[in-house]
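*Asks:* Spelled out, the chains give:
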Amino acid sequence: MDKLNIMIVGVGGQGTLLASRILGNVAMKMSFDVKVSEVHGMAQRGGSVVTYVKFAKKVYSPLIEKGEADILLAFEKLEALRWVEFLKEDGSIIINKQRIDPVPVILGKEKYPEEIVEKINKVFDKTVAVDALPIARECGNIKAVNVVLLGVLARITGIDKSIWLESIKEVVPQKIQELNIKAFEAGFNVEV
Amino acid sequence: MKKLMLGNEAVARGAYEAGVTVAAAYPGTPSTEITENIAKYDEIYSEWSPNEKVALEVAIGASVAGARSICAMKHVGLNVAADPLFTVSYTGVNGGLVIMVADDPGMHSSQNEQDSRFYARSSKVPMLEPSDSRECKDYVKQAFEISEKFDCPVIVRLSTRIAHSQSIVELGEKVDYSLKDYVKNPAKYVMMPAMARKRHVEVEKRMGGLREFSNTSGINNIEWGSKDVGVITSGIAYQYAREAFGDVSYLKLGMVYPLPENIIREFAKEVKTLYVIEELEPFIEDQIQKMGISVIGKALLPVIGEYSSQLIREKILDQKAGASVKIDEAVPVRPPVMCPGCPHRGLYYVLKKQKLTVSGDIGCYTLGALPPTESMDFCVCMGASVSGAHGMEKARGREFGKKTVAVIGDSTFMHSGITGLIDIVYNKGNSTVIILDNSITGMTGHQQNPTTGYTIKNEPTKQVDLVKLANAIGIERVRVVDPFNIKEVDKILKEETQVDEPSVIISQRPCALLKSVKYDGPKKINMEKCKKCKQCFTIGCPALVNVGDHIEINEALCIGCDLCTKLCNFGAIEKAGENNG
Ligand SMILES: Cc1ncc(C[n+]2csc(CCOP(=O)(O)OP(=O)(O)O)c2C)c(N)n1
Ligand code: SF4
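So the protein sequences, as listed, match chains A and B.
Number 44 in the numbering used here belongs to position 44 of the first sequence; there are no gaps in the numbering.
Number 298 in the numbering used here belongs to position 298 of the second sequence; there are no gaps in the numbering.
None of these hints come from the bench; they were simulated from the model.
Careful: at least some of the hints might be erroneous.
Straight-line distance between alpha carbons at most 30 Å, and here's what the computed DSSO-like set of lysine-lysine pairs gives [said to hold, decoys possible]:
#1 K515/B <-> K566/B
#2 K161/A <-> K2/B
#3 K320/B <-> K66/A
Whenever a hint applies, use it, and build me the whole structure from the sequences.
*Replies:* In C-alpha cells form, the structure reads like this:
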C-alpha cells in the first residue's frame, strides 16, 4: 500500500470527528504523510458531514475528489448514497444501517430512498452493511457507534490491529477507553 | 516529536513556542480552536473577550506593556476589530502582536465570504498565509519576529481548509522571551492628530522595509519545475494547484502582503504561461497586472466559493473529472437543524404560532429561519436583531412594532446587542427583545461567555445579571421564562409585544449538549393512547419521524427533553422501554 484515501460521512453529532482523528493517527504511525480535513460549526448541528483522510508519501490537497476514494465509511444510509460518487469504481464501502431522516423527509417534502444498501451493492461489489447501533448499545453506550464502525474499517484495510489499538489509546480520553476498545473489537469481529 | 495537528492547534503551538503570554479572542468558525488550544497552556493568560474589538484591544494593551500577544477571530470578526486595527498600524508595537484571521471560502459556517486580505492592504499591515499545519506553527513564530523587527502588528490569514485540516507538525522548544521594558512614549502610542501625522510617515517608511523583506527573507520562494507553466499561489490554493498542475514551476507566497515584486518579475520572465491561483478575490492578480505583467487568473476561475484540484483541472487544464459511478436516485438534502432537546425549539414554536415578524441574529437559533419553524425575517450580523427591530418599528410604526420581536443569543447579546438595546431605550422605541439564554455560546462549539459564570479555563467568575443589566439601562419590563413552558411563553409574548414601552424577555434553559444537562433518556409513543393527531410533530424535532399515518420517535436521537410530551393532549408519549406501546 502506498496511498489510501478514506472518506467518513455521516450526520452531525454522530462522532465522525473522533473516528477520523484515530484514523489520522494510525496513518502517522505507519510513517505516511497524512491530511485529515474536518467539518466544524454550523453543519455539525444535524447536517450532512464529511471528513477526508488521505495518506501517501506526500499529500498536498486535503480534499478527496469524485472517483478518488478507496474506502467510504458511511455512518448513515442516506449519507452513503449522497457521497457514493466519490468512491473509486473498485472501492469499498461500509454502510451503517442506521436511518436518520433529514428535515425535508420529516416534513414530507422529500422521500427517503428505499433499499439504499441493495442499490449500492449492485454497483459496488465491495459493499459491507452493518447495524452498528445495537452493537454499540451492547457494548454499553450508543455513542460508541463511531468506534464500532472504525473496527469494521480496520478489518477491511488490513492494517495491523495493534496500531489501531495504540491510536485509540492515544486519542480517546482515559475514562472512556475501555468502552471504546470494547466497541472497536466488536466492530472488528463483526460477521460481514 | 511529531504530532498530527489541526491548523488551529498548530497556531496555538506556535504562539506557545514564540513565548506569547497574553491571548484574547471571540469565537467564530473556523478560528475558534486557536484560542481553545492556547487556553491549554498554563504559561499563557487567555480569555474569551465579549467581542473581537475588545479582544484586539486587550492584545494591543498587552503588546504595549511589553508582552508577545495574540488575538484570533473569523473573517467577519475583523470587521468588528477594524477600528483598533487601522490605528495600531500607526502606533506599532512593543512586544510582538499577531492577529489571526480565518476566512471561510464556500461559507461552510458564515454569513458572507469576504476576503480579509484587503484589510492588510488598507491598514498597511503585513499578512502571512500558511498552507498547512506545519507552516501555521512556523509562520506564527515568524510573524512575531516580523512584528518586532518592523514595529507593526502582523496578520496571519487562514482559511477553513487550513484551520480545520490536520497535518503533521514537528514540535519545537519554547523560546525564552521576557517582557520588554515598558517606557511611556505618548508620541508613539497616543494617536491624536499631531502624533498620528508623524506616525503615518513611519508607516510608509516601514512599508518600504517590508517590501524588501518580502523579496529577500525566503518566505516567498520559487519551486522550479517545467517552465512551460508558472503558478503564483499561496495558502490552501497552493495545495490544490500542486495536485492539479503537477511538475510545473511555482512561486509560493508565504507573505501575501506586501508582495515580493522582484521575485514575481524574475519568475514571470522565466515561464511561458503564468497563472495566479487564489480563492475569492483577485487580490494577488490585480497587483501583478498593475506591475504590467500579464497573468491568467479570474478570467478562468471563479471568485465565488471554494476551490479544489478538480476545479483547477477542469477550468484551466480542460480535464474532466475522473470516472465515478453515479447511482440514479434523488438524494434529499440534509440542512442543519436544532438538536433534539434544544431549548430554542420551544420559543420558536410560539413565534411561529403567533406569526410574528422576527428580527434575527446569529447563533444556533438562526436555524429557526429554516422549515418547519421558518420564523426569522432577517439576519445580517451579530447584534443587528436588536437595532434592526428598532429600525423596523421606526419605519412602519407602532402597530407593526406590536407584531415584531428581536431574538438574540446570550453570547451575541454580550457581543453587540447591548448597544442596540440602549438605543431603543434612549430613542423611545418599544421593541420586544428576546434574549435566548442557553448558558453557553452554542453555535461555535460551546464556549463560555460573560453570562455563563465561567472563564475560558473553566474557572468560576462573576456572571452578568441580564435582568439587572436591562433594568440599569432603563428597561422596566423584564420577564424571565422557561422556553419549554409553552403556555407561559405564549402569554408573556402577547403581553410584552402589546405594551407601549421596550421590554426584554429572557428565555432561559441550558443548551441540550452541555454536560450538566441530564434528561431522562429516549421516549416512545404509546400507540394505544396516540390519536394520530400529529400535534407533537409541529415542534420540528429531528427525533420525531413521520411514518405515514402516525409519528414515531427515533430512539437513537431522542434525549427525553419532554417538549413533545407537553404538547401531547393524550399522554401518549412515555419513557422508552417502560411500557408496551
Ligand atoms: C462578528 C462575528 N463574530 C463571530 C461570529 C461567529 N458566531 C456566530 S454565532 C456566534 C455565537 C452564538 O452564541 P449565542 O448568541 O449564545 O447563541 P447560541 O448559538 O448559543 O444559540 C458566534 C460566535 C460571527 N458570525 N460574527
Ligand atoms: S448546540 Fe445547544 S443551542 Fe445549539 S442547537 Fe444544539 S441544543 Fe440548541
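*Asks:* Each hint should be assessed against the structure and marked as holding or not.
*Replies:* Verification of the supplied hints:
With a CA separation close to 24 Å, the supplied pair K515/B and K566/B stays within the 30 Å bound. For the hint pairing K161/A with K2/B, the CA-to-CA distance comes to about 22 Å; that is within 30 Å, so the pair holds. With a CA separation close to 11 Å, the supplied pair K320/B and K66/A stays within the 30 Å bound.
Against the hints set out earlier in the document, no violation occurs for any number.
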